[in-house]
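Sequences are here, hints too, so could you generate the full structure?
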Amino acid sequence: MKKSGSKSYFTIFISMSGCRVPEMIGLKAKDVNLEKHEYTILLKKGDLYVREKRAIVPSTVPNY
1 MKKSGSKSYF
11 TIFISMSGCR
21 VPEMIGLKAK
31 DVNLEKHEYT
41 ILLKKGDLYV
51 REKRAIVPST
61 VPNY
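Just so it is clear: in the sequence shown, position 19 is 19 by my numbering, and no numbers are missing.
Some clues are possibly wrong.
To be verified - Listed next, the in silico SDA-like pairs over lysine to any residue satisfying Cα-Cα at most 25 angstroms (straight line):
id, residue 1, residue 2
1, K53, C19
2, K45, E23
3, K30, P58
Hints are computed from structural coordinates only; laboratory data are not their basis.
What you are looking at is a predicted structure, and each value in this text was computed from that prediction instead of being measured.
Below, the structure written as structure tokens:
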């Protein structure tokens, strides 16, 4: 995993995007769209699973 200073992209992304660890672990490359600054996660709401788009704060992706 690439590092930015002393923090990994994972650490920066998770701390600034509001993504929870279980959501982050479930992410796949196809779920992330850097051009649109968004990612799609699968959430469990009650008995249902729902796909939801979330914003990526541009500063969480250094040098992009």
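Proposed proximity, P58 with K30 (alpha carbon, max 25 angstroms): 18 angstroms, holds
Is the Cα-Cα distance between K45 and E23 25 angstroms or less? 13 angstroms, holds
Distance restraint between K53 and C19, which requires alpha-carbon spacing of 25 angstroms or less: 11 angstroms, holds
Of the numbered hints stated above, none is contradicted by the structure.
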